[in-house]
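Enquirer: If you want the building blocks of each chain, they are given just below.
There are 2 protein chains.
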Amino acid sequence: VFGTENEFVRWVRARANIPARGVRLGIGDDAALVRVAAGNDLVLTTDLSIEGVHFSLVLHPARSVGHRAMARSISDVAAMGGIPRFALVSLAISRGSTRAWINGVYAGMLALAGRFGVRVIGGDTTFYSGVTMVDVMVAGEVERGRALVRSGARPGDRIYVSGRLGLSAQGLGLLKSPGRHWDRHTRAAIDAHLYPEPRCPLGRFLSKKRLASAVIDLSDGLSTDLGRLAEASHVGARLWSHRIPSLSVEEITQRAVSKGHNLALHGGEDYELLFTVSPRNAARIPAQYRGVPLHAIGEIRRSKELLLVDERGKSRSLKPAGYDHFRTR
Amino acid sequence: VFGTENEFVRWVRARANIPARGVRLGIGDDAALVRVAAGNDLVLTTDLSIEGVHFSLVLHPARSVGHRAMARSISDVAAMGGIPRFALVSLAISRGSTRAWINGVYAGMLALAGRFGVRVIGGDTTFYSGVTMVDVMVAGEVERGRALVRSGARPGDRIYVSGRLGLSAQGLGLLKSPGRHWDRHTRAAIDAHLYPEPRCPLGRFLSKKRLASAVIDLSDGLSTDLGRLAEASHVGARLWSHRIPSLSVEEITQRAVSKGHNLALHGGEDYELLFTVSPRNAARIPAQYRGVPLHAIGEIRRSKELLLVDERGKSRSLKPAGYDHFRTR
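Note that the protein sequences, when read in sequence, are chains A and B. The first sequence lines up with residues 1 to 329 when you count with the working numbering. The second sequence lines up with residues 1 to 329 when you count with the working numbering.
Don't read these hints as lab results, they were simulated from the structure. Backbone N, C-alpha and C fix where the C-beta goes; we use that ideal spot for every residue, glycine too. One or more of the hints may lead you astray.
As the list claims (entries may be wrong) - Output of the computed footprint for chain B on chain A, the stretches with three or more beta carbons under 8 Å from beta carbons of chain B:
#	stretch
1	31 to 40
2	76 to 82
Unchecked claim - A short list of chain B residues far from chain A (calculated; beta carbon distances all over 12 Å):
#	residue
3	R15
4	D29
5	F86
6	A100
7	R115
8	Y128
9	T132
10	R144
11	W182
12	R204
13	A296
From just these sequences and the hints, can you work out the full model?
Expert: Right under this line is the structure:
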């Protein structure tokens with residue numbers, strides 16, 4: 001595919017190494033050299049995307065593989081209220097890969113990165129006999145004291161979520177069983193799965209206005225990620241099941257409603273933000289921010305359990321049943 | 001091995017998440033939050049270590065796998081003259097791995113990191129059916145304008161190298177064909193291979209005293225990495241073959257001398273520093289720095305070719321023949 005490592009580095013450099021603010025030295029030296037604003041903290045995160053685990057060569061186009069790998073890390077920075085700035089991309093590429101496929105993966109990564117002002121400044125690449133793997137490290141910055149963490153939720157805080165939940169999981173289901181009715185909604189679900197949108201503007205809004213007491217991005221499903229937020233904050237939570245924005249009734253059949261409900265609770269990879277807001281600040285949360293709806297879906301409680309309450313006030317225990325590589329695969 | 005991802009994160013956190021200078025938030029949130037000194041640039045690098053490519057379960061003990069993975073990235077920061085500070089570790093772990101093995105890998109990583117003041121502040125982990133892979137991202141810092149790059153070598157500059165070359169490749173050879181005479185030298189070679197020492201103190205010395213015009217770390221072999229430095233600087237180089245510090249004659253047989261010479265030219269993973277020094281500064285380079293010998297082995301020339309000159313003044317072309325994943329595997 002590529003003759004030498006030097007040739008590959010030149011290939012990537014030609015695509016990614018655009019001079020940019022803060023980049024002193026990009027791809028091509030022993031390390032990259034960058035600069036963040038004085039007084040800002042540095043936000044560092046990394047996420048693995050593995051063929052057969054996080055993506056499939058059959059279901060995901062190359063551009064989507066790159067987009068999703070980059071989106072996972074950018075979403076982590078969004079959940080900290082930070083501005084994503086730089087990326088390092090490590091690729092272990094299966095020998096079977098074509099240059100067109102690798103090109104597509106990079107195109108997907110670079111398109112999303114470019115839209116969020118993120119520069120790919122380095123990485124490491126190896127061709128080998130195993131499955132393809134992408135590890136994207138993103139470095140961002142956030143004003144000191146303004147980072148949004150998981151651990152600040154307090155009893156009485158309202159729980160909010162952006163967007164609609166379960167859409168990505170539904171899109172994945174549609175990709176797995178094609179040939180179904182193809183309409184505006186199914187297209188939206190598939191698009192949500194293949195090209196998720198990190199909620200950076202919302203994260204920045206919550207950070208700048210100091211509105212959220214705790215934030216996490218929904219990568220592994222509401223039930224799992226709410227559990228993580230609650231554990232980090234040493235609290236419990238009660239969700240109002242009928243307030244959770246899932247697939248709308250007009251779009252799907254009654255039988256699918258309960259399935260849609262399950263996807264909303266446990267489906268992963270929505271990359272929406274889940275955040276808590278003190279009662280005092282709740283009035284300052286708009287119904288939507290830059291076109292993304294925000295819904296109050298529950299409240300934080302002192303008692304360390306997760307409960308799901310229905311319209312009639314009946315409550316049941318909510319067990320984490322979202323995506324967990326350690327359990328489900 | 002581990003029941004859930006949350007359990008694994010707790011396990012790593014217990015080992016790695018020690019409060020440290022500059023770490024605002026370590027493992028356990030959406031991203032890590034760190035701080036570098038005002039006025040310093042940020043050095044970012046990442047290196048993949050793949051089972052069957054960069055390490056072998058048969059030849060490398062678990063501690064060595066972790067040590068080498070961490071050493072590769074720390075060495076990149078050393079080659080920039082930076083202080084390594086923080087690490088993110090991504091692990092794709094083969095399902096066949098035992099907890100003891102994973103423990104050993106982490107122990108090796110954390111021991112080396114600890115010795116260099118590097119804190120592991122995050123990462124991503126997946127268990128899957130493929131081979132084990134470790135991606136270590138290291139963030140460091142360096143005073144503005146003091147980073148050591150590859151591109152500053154000028155015609156007339158002297159070429160220096162730290163340590164002895166080819167030792168790691170020889171150690172690997174010994175590990176592959178055991179049962180040979182076991183003495184102080186073979187032990188040193190094996191140790192150099194299993195537990196390489198990043199040259200951070202030397203990198204800092206060259207940066208602080210502004211002694212080097214260009215620096216690269218020798219990860220892929222002298223012939224390959226000198227080629228990279230020369231290309232980045234738009235120059236050529238002439239090496240004096242008899243000045244290259246390789247295996248000493250007392251230690252090996254005459255037949256092994258020519259083999260040792262080849263290892264010194266093309267053997268990878270020595271992680272010594274190769275650097276160039278202007279004629280004006282050459283007198284300020286000591287014979288050794290903190291116990292590590294420094295040798296002048298050649299000079300930079302305008303003509304863009306790499307030459308090897310022997311004791312009798314006979315010169316031949318030096319072709320890059322070091323480690324390159326793209327060519328040799």
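Enquirer: Next, verify each hint and record whether it holds.
Expert: Against the structure, the hints come out as follows:
no., hint, result
1, 31 to 40, "holds (count 8)"
2, 76 to 82, "holds (count 5)"
3, R15, "holds, 17 Å"
4, D29, "violated, 5 Å"
5, F86, "violated, 7 Å"
6, A100, "holds, 18 Å"
7, R115, "holds, 20 Å"
8, Y128, "violated, 5 Å"
9, T132, "violated, 10 Å"
10, R144, "violated, 8 Å"
11, W182, "holds, 33 Å"
12, R204, "holds, 14 Å"
13, A296, "holds, 21 Å"
When held up to the earlier numbered hints, the structure conflicts with 4, 5, 8, 9 and 10 and fits the remainder.
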